[in-house]
Amino acid sequence: MRKFYTLLAREVQSYFYSPIAYIVLVFFLIVSGVDFYFQISFMNQRPVPYSVQEAFFNSVFFWFAFVLIFPLITMRLFAEEFKLGTIEPLMTAPVRDWQVVLSKFFGALVFYIILWVPTALYFGIFQYVTGRPAAGSSGAYWGSYLMLLLLGMFYLSVGCLASVLTKNQIIAAIISFCAITLLFFLGLVQFILLDVSSATRDLLGYFSALEHMGTFSRGVIDTRPIVLYLSMTVVMLTLTYQAFQSRKWRL
Amino acid sequence: MIKVENLTKRYAGQPAIRDLNFEVGKGEIMGFLGPNGAGKTTTMRILAGFMPATSGRALIAGFDIFEQSLQARTRLGYMPEHVPLYNDMRVTEYLDYRAALKGVPHRRIAERVGDVKELCGLRDVEKKIIGALSKGYRQRVGLADALLHEPDLLILDEPTIGLDPNQIRQVRELIKNLGRQHTILLSTHILPEVEMTCSRVIIIHKGRIEACDTPENLLSQLRQVGGVVLEAKVGKDNGADELRKISAVRDVTTDVDGEWNVFSLRVESGADVREEVFRLAAARRWTVRELTQRRATLEDVFVEITHADEMERSSI
Numbered sequence: 001m002r003k004f005y006t007l008l009a010r011e012v013q014s015y016f017y018s019p020i021a022y023i024v025l026v027f028f029l030i031v032s033g034v035d036f037y038f039q040i041s042f043m044n045q046r047p048v049p050y051s052v053q054e055a056f057f058n059s060v061f062f063w064f065a066f067v068l069i070f071p072l073i074t075m076r077l078f079a080e081e082f083k084l085g086t087i088e089p090l091m092t093a094p095v096r097d098w099q100v101v102l103s104k105f106f107g108a109l110v111f112y113i114i115l116w117v118p119t120a121l122y123f124g125i126f127q128y129v130t131g132r133p134a135a136g137s138s139g140a141y142w143g144s145y146l147m148l149l150l151l152g153m154f155y156l157s158v159g160c161l162a163s164v165l166t167k168n169q170i171i172a173a174i175i176s177f178c179a180i181t182l183l184f185f186l187g188l189v190q191f192i193l194l195d196v197s198s199a200t201r202d203l204l205g206y207f208s209a210l211e212h213m214g215t216f217s218r219g220v221i222d223t224r225p226i227v228l229y230l231s232m233t234v235v236m237l238t239l240t241y242q243a244f245q246s247r248k249w250r251l
Numbered sequence: 001m002i003k004v005e006n007l008t009k010r011y012a013g014q015p016a017i018r019d020l021n022f023e024v025g026k027g028e029i030m031g032f033l034g035p036n037g038a039g040k041t042t043t044m045r046i047l048a049g050f051m052p053a054t055s056g057r058a059l060i061a062g063f064d065i066f067e068q069s070l071q072a073r074t075r076l077g078y079m080p081e082h083v084p085l086y087n088d089m090r091v092t093e094y095l096d097y098r099a100a101l102k103g104v105p106h107r108r109i110a111e112r113v114g115d116v117k118e119l120c121g122l123r124d125v126e127k128k129i130i131g132a133l134s135k136g137y138r139q140r141v142g143l144a145d146a147l148l149h150e151p152d153l154l155i156l157d158e159p160t161i162g163l164d165p166n167q168i169r170q171v172r173e174l175i176k177n178l179g180r181q182h183t184i185l186l187s188t189h190i191l192p193e194v195e196m197t198c199s200r201v202i203i204i205h206k207g208r209i210e211a212c213d214t215p216e217n218l219l220s221q222l223r224q225v226g227g228v229v230l231e232a233k234v235g236k237d238n239g240a241d242e243l244r245k246i247s248a249v250r251d252v253t254t255d256v257d258g259e260w261n262v263f264s265l266r267v268e269s270g271a272d273v274r275e276e277v278f279r280l281a282a283a284r285r286w287t288v289r290e291l292t293q294r295r296a297t298l299e300d301v302f303v304e305i306t307h308a309d310e311m312e313r314s315s316i
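Quick note, the sequences are listed as chains A and B, same order. With this note's numbering as the guide, the letters of the first sequence map in order to residues 1 to 251. With this note's numbering as the guide, the letters of the second sequence map in order to residues 1 to 316.
No lab work stands behind these hints, which were simulated from the structure alone. Each hint should be verified, as a subset may be incorrect.
Here are the simulated DSSO-like pairs of lysine-lysine, each with C-alpha atoms no more than 30 Å apart in a straight line [said to hold, decoys possible]: (1) Lys117/B x Lys83/A; (2) Lys83/A x Lys135/B; (3) Lys176/B x Lys206/B; (4) Lys83/A x Lys248/A; (5) Lys117/B x Lys128/B; (6) Lys248/A x Lys167/A; (7) Lys26/B x Lys206/B; (8) Lys206/B x Lys167/A; (9) Lys167/A x Lys83/A; (10) Lys248/A x Lys26/B; (11) Lys176/B x Lys117/B; (12) Lys26/B x Lys117/B; (13) Lys176/B x Lys127/B; (14) Lys117/B x Lys3/A; (15) Lys135/B x Lys248/A; (16) Lys3/B x Lys245/B; (17) Lys176/B x Lys167/A; (18) Lys206/B x Lys248/A; (19) Lys117/B x Lys135/B; (20) Lys248/A x Lys3/B; (21) Lys3/A x Lys128/B; (22) Lys167/A x Lys3/A; (23) Lys83/A x Lys3/A; (24) Lys127/B x Lys117/B; (25) Lys3/A x Lys248/A; (26) Lys3/B x Lys26/B; (27) Lys245/B x Lys83/A; (28) Lys128/B x Lys176/B; (29) Lys83/A x Lys26/B; (30) Lys233/B x Lys245/B; (31) Lys3/A x Lys233/B; (32) Lys176/B x Lys135/B; (33) Lys167/A x Lys135/B; (34) Lys3/A x Lys127/B; (35) Lys3/B x Lys176/B; (36) Lys26/B x Lys176/B; (37) Lys83/A x Lys206/B.
Examples of chain B residues lying across from chain A (beta carbon under 10 Å, computed) [what the hints assert, rightly or not]: (38) Gln71; (39) Glu81; (40) Ile155.
The C-beta atom is built at its ideal place from N, Cα and C for all residues, glycine as well.
Modelling step: build the complete structure from the supplied sequences, incorporating the hints.
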């Protein structure tokens, strides 16, 4: 377990060695800040039937930033080690393959969580300034952040798989960007293709990240998406592990 | 310490190494020689547990490198070719990380990292970012990393490649000193280095072991080694014909340097013909300015072994 923590610590630190971390952090702060500002100024113009917090997590800005960050976070995970050749000292040290795979995934997850911490401040500031809560209930906060964590885990695991397949970071980024965008649009099909059968639309609806976020940000904790995202994360990480191991035989 | 049995590795059907069998005993410094593409790096990567062999097996300190990989890997220190390192970390930081990864107990990390920095001369650059280091220092960081967990066995792939002559001497000294406590397998194509440091040598060519012996034995087995160089004024004599009359001389090549003739004599192994050459020169009244025996080097062995098949082919 100690080796896992050693690996994990390096993974998290390595984000802050490279400029990528700071670029992502700044980009993300700008987009989420603009998002927050727009929602409030929009609400100042007319009454709306939802809270600031709900609006924040369901806006176009939010989703735009959301799908973009995953390729940026995950592209270097394995690809960089392959490219630099540092995979050789890494894998000749007495560490297990699963320790390496999981440390990379959780390293990315820790960075992803760090990314979201400032947004919690927004709601605190809102409450402090206006004297009113930003959400309908405390459950809405829990729901939104739980869904962020679940979606994050799934999309990061997709990114891990993309990165383990190539030693070119750009290719890894493109693969994960395409995969995540496709997954995201799969959930939109039900709104676009109105003439497909209702069974198909219902099925696609189960994959809709938009819908899941909508439910969870109202504070409704549905177990179905929880099972979906956790199991998909496990599947993706298993595939990553398999691809990582098969590398030895393809050398 | 190392035991290799019928080790074979194919890349997409193409054999890179075929049926390697050798053993390295405790405390030996084994040199691994061969032209580029002979399979040195492949063999070392397999022994270090980086990739599996297609068939055959390798034991490190009694542990199968594939079946009991973790136990085997804790007992060896490996320095890969070109020394890949995390360029964005600082030297001490990197060594601390590697020590923890290799299972050095927490309270001993500072001590071990300090020791290897001292040993490899990294004190001056300990706070520098690895990406800013020169090639020589990177090499030393790689070596320090391999030594961190006090492994019984060191596998060093081209430890002196890309270094300047001073650095090569330093690294060679370091390896010699390490050889007192560790078993070392090192690959190189700098031959004088092997003669100076290694107790035994394996010559690998086209994926096969062509020779495995001490440097001295390899030299004595050479079919035609060295010879004698004679620089003389021979007047009207045909020097080469006269010299060929000496029984141990196999071949004479002639060169001219101004009014001096330079004869290179190839002689049968073990024979010393200098005395006979002197008598001949004295009898024929040649003026001699040089008579030296050229000592055979490992380079001759290497060239003979790795070029043997090409020479045979060209003679047909």
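Consistency of the hints with the structure:
At most 30 Å may separate the alpha-carbon atoms for a hinted pair to count; lysine 117/B and lysine 83/A meet this at roughly 27 Å. Under the criterion of a C-alpha separation no larger than 30 Å, the hint pairing lysine 83/A with lysine 135/B is consistent with the structure, at around 18 Å. With a C-alpha separation of about 29 Å, the suggested pairing of lysine 176/B with lysine 206/B holds against the 30 Å cut-off. The hinted pair formed by lysine 83/A and lysine 248/A meets the criterion: a straight-line CA distance of about 15 Å does not exceed 30 Å.
For the hint pairing lysine 117/B with lysine 128/B, the CA-to-CA distance comes to about 13 Å; that is within 30 Å, so the pair holds. The hinted pair formed by lysine 248/A and lysine 167/A meets the criterion: a straight-line CA distance of about 14 Å does not exceed 30 Å. Straight-line distance between C-alpha atoms of lysine 26/B and lysine 206/B comes to about 28 Å, which keeps the hinted pair within the 30 Å bound. Restraint check: the Cα-Cα separation between lysine 206/B and lysine 167/A comes to about 29 Å, which is no more than 30 Å; the hinted pair holds.
The straight-line distance between the Cα atoms of lysine 167/A and lysine 83/A is roughly 5 Å, inside the 30 Å bound, and the hint therefore holds. The straight-line distance between the Cα atoms of lysine 248/A and lysine 26/B is roughly 29 Å, inside the 30 Å bound, and the hint therefore holds. For the hint linking lysine 176/B to lysine 117/B, the alpha-carbon distance of about 17 Å falls within 30 Å, and the restraint holds. For the proposed pair lysine 26/B and lysine 117/B, the alpha carbon gap of about 25 Å is at most 30 Å, so the pair holds.
Under the criterion of a C-alpha separation no larger than 30 Å, the hint pairing lysine 176/B with lysine 127/B is consistent with the structure, at around 28 Å. Only pairs whose Cα atoms come within 30 Å are accepted, and lysine 117/B paired with lysine 3/A is accepted, the gap being roughly 22 Å. For the hint linking lysine 135/B to lysine 248/A, the alpha-carbon distance of about 28 Å falls within 30 Å, and the restraint holds. Of the pairs offered as hints, the one joining lysine 3/B and lysine 245/B is violated, with about 50 Å between alpha carbons and a cut-off of 30 Å exceeded.
Annotation: proposed proximity of lysine 176/B to lysine 167/A is violated, straight-line Cα distance about 37 Å (limit 30 Å). Taken as a hint, the lysine 206/B and lysine 248/A pair is honoured in the structure, with Cα atoms around 22 Å apart against an allowance of 30 Å. Between lysine 117/B and lysine 135/B the CA atoms are separated by roughly 16 Å; this keeps the pair inside 30 Å, and the hint holds. Distance check on the hinted pair: lysine 248/A and lysine 3/B sit about 22 Å apart at the alpha-carbon level, within 30 Å; holds.
Distance check on the hinted pair: lysine 3/A and lysine 128/B sit about 25 Å apart at the alpha-carbon level, within 30 Å; holds. In summary, the hint linking lysine 167/A to lysine 3/A is supported, as the alpha carbons are separated by about 24 Å, within the 30 Å threshold. The suggested pairing of lysine 83/A with lysine 3/A holds, with an alpha-carbon distance near 23 Å, which does not exceed 30 Å. The hinted pair formed by lysine 127/B and lysine 117/B meets the criterion: a straight-line CA distance of about 11 Å does not exceed 30 Å.
A distance of roughly 21 Å separates the Cα atoms of lysine 3/A and lysine 248/A; the hinted pair therefore holds under the 30 Å criterion. Among the hinted pairs, lysine 3/B with lysine 26/B is consistent with the structure: their alpha-carbon atoms are about 11 Å apart, no more than 30 Å. Among the hinted pairs, lysine 245/B with lysine 83/A is inconsistent with the structure: their alpha-carbon atoms are about 63 Å apart, more than 30 Å. Of the pairs offered as hints, the one joining lysine 128/B and lysine 176/B holds, with about 28 Å between alpha carbons and a cut-off of 30 Å not exceeded.
With a C-alpha separation of about 35 Å, the suggested pairing of lysine 83/A with lysine 26/B is violated against the 30 Å cut-off. Of the supplied pair hints, the one linking lysine 233/B and lysine 245/B holds, its CA atoms being roughly 18 Å apart against a limit of 30 Å. For the hint linking lysine 3/A to lysine 233/B, the alpha-carbon distance of about 74 Å lies beyond 30 Å, and the restraint is violated. The straight-line distance between the Cα atoms of lysine 176/B and lysine 135/B is roughly 21 Å, inside the 30 Å bound, and the hint therefore holds.
Pair hint lysine 167/A plus lysine 135/B holds up; C-alpha atoms about 24 Å apart against a cutoff of 30 Å. A threshold of 30 Å between alpha carbons decides the hint, and for lysine 3/A with lysine 127/B the separation of about 24 Å falls inside it, so the pair holds. Taken as a hint, the lysine 3/B and lysine 176/B pair is honoured in the structure, with Cα atoms around 22 Å apart against an allowance of 30 Å. The straight-line distance between the Cα atoms of lysine 26/B and lysine 176/B is roughly 15 Å, inside the 30 Å bound, and the hint therefore holds.
With a C-alpha separation of about 27 Å, the suggested pair lysine 83/A and lysine 206/B falls inside the 30 Å cut-off, and the hint holds. With its C-beta approaching chain A no nearer than about 8 Å, glutamine 71/B sits inside the 10 Å limit, and its interface hint holds. A distance limit of 10 Å between C-beta atoms decides the matter here; for glutamate 81/B the minimum to chain A is near 9 Å, and the interface restraint holds. Hint status for isoleucine 155/B relative to chain A: holds, with the closest Cβ pair at about 9 Å, below 10 Å.
Hint compliance for this structure: hints 16, 17, 27, 29, 31 are broken, all remaining hints hold.
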